[in-house]
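Can you build the whole structure from these sequences, using the hints too?
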Amino acid sequence: MDEARDVETLLTWLEAHDERCPVCGYRLQGLTAPTCPECGGVLRLCVDVLHIRQRAWMLALLGPALGLGFTGVTGFMMSVAGLVEMLRNPAPLPYQPVVIAATMGTLVLVNSVLLWQVARARRRFLAGTTWERWRRALIVFGAVGIGHALVGLGLIAVL
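All letters in the sequence shown, in the order written, are residues 1 to 159 by the working numbering.
Hints are not guaranteed to be accurate.
Using C-beta positions, here's what the derived DEER-type ranges look like [said to hold, decoys possible]: (1) Leu62 to Ala33: 34 to 42 Å; (2) Arg44 to Phe76: 19 to 27 Å; (3) Ser112 to Ala4: 16 to 24 Å; (4) Arg123 to Met77: 49 to 57 Å; (5) Pro37 to Ala81: 54 to 62 Å; (6) Ala149 to Tyr95: 35 to 43 Å; (7) Glu3 to Leu62: 34 to 42 Å; (8) Asp18 to Gly82: 37 to 45 Å; (9) Leu153 to Glu3: 36 to 44 Å; (10) Arg123 to Gly152: 33 to 41 Å.
Honestly, the hints are just simulated from the structure, not real lab data. Where is the CB? At the ideal position from N, CA and C, for every residue including glycine.
Pasting the structure below:
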């Protein structure tokens, strides 16, 4: 099919169906050009398999979810070890419990916000090309892993 015919088919489809922009959610019914008036996204009519497109998004969700799980387990183990140490040695500990609690709390907060942002931005995430989706997913997943590694190294250095 040629491009003019594709545009005509898309606009005909949008006249009859109440569809939303995959990027911003703007209602596209009655559109006169293949561009979203709200976000400027270029639209095209295509056949797509949604569950294949979601794999990269799920990887992006997995990063902060694993980070939350890791932080929860590690924080629990460190809390139990700190409690046992405090029971064995009643002398006041210096700053270690405060540093550990603040670090774990910050990691939980950052991972929770990141997980919420990735889940909320699903439409925008899925709107890009395959390469863009996987690049975003790997950046999120890698950033969480590298962030946890750096925080762990920082804790080792401080404690």
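- Query: If you check the beta carbons of Glu3 and Leu62, does the distance land in 34 to 42 Å?
  - Reply: holds, 38 Å
- Determine whether the Cβ-Cβ distance between Arg44 and Phe76 falls within the hinted range of 19 to 27 Å. Distance hint for Arg44, Phe76 is violated at roughly 49 Å.
- Query: How does the Cβ-Cβ distance of Arg123 and Gly152 compare with 33 to 41 Å: does it lie in that range?
  - Reply: holds, 34 Å
- Honestly, do Arg123 and Met77 meet the 49 to 57 Å range at C-beta? With Cβ atoms ~38 Å apart, the hint is violated.
- Query: At the C-beta level, are Asp18 and Gly82 separated by a distance inside 37 to 45 Å?
  - Reply: The hinted range 37 to 45 Å is violated for Asp18 and Gly82, with Cβ atoms some 57 Å apart.
- Query: That 16 to 24 Å hint for Ser112 and Ala4 (C-beta), does it hold up?
  - Reply: Roughly 48 Å apart at Cβ, these two residues miss the hinted range, so it is violated.
- Query: Do Pro37 and Ala81 keep their Cβ atoms within the hinted range of 54 to 62 Å?
  - Reply: holds, 58 Å
- Query: Using the C-beta atoms of Leu153 and Glu3, is the stated range 36 to 44 Å upheld?
  - Reply: violated, 53 Å
- Query: Regarding Leu62 and Ala33, is the given constraint of 34 to 42 Å on their beta-carbon distance met?
  - Reply: holds, 38 Å
- Item | Consistency of beta-carbon spacing, Tyr95 to Ala149, with hint 35 to 43 Å | Since the Cβ atoms of Ala149 and Tyr95 sit about 23 Å apart, the hinted range of 35 to 43 Å is violated.
Going down the numbered hints, you'll see the structure goes against 2, 3, 4, 6, 8 and 9, while the others check out.
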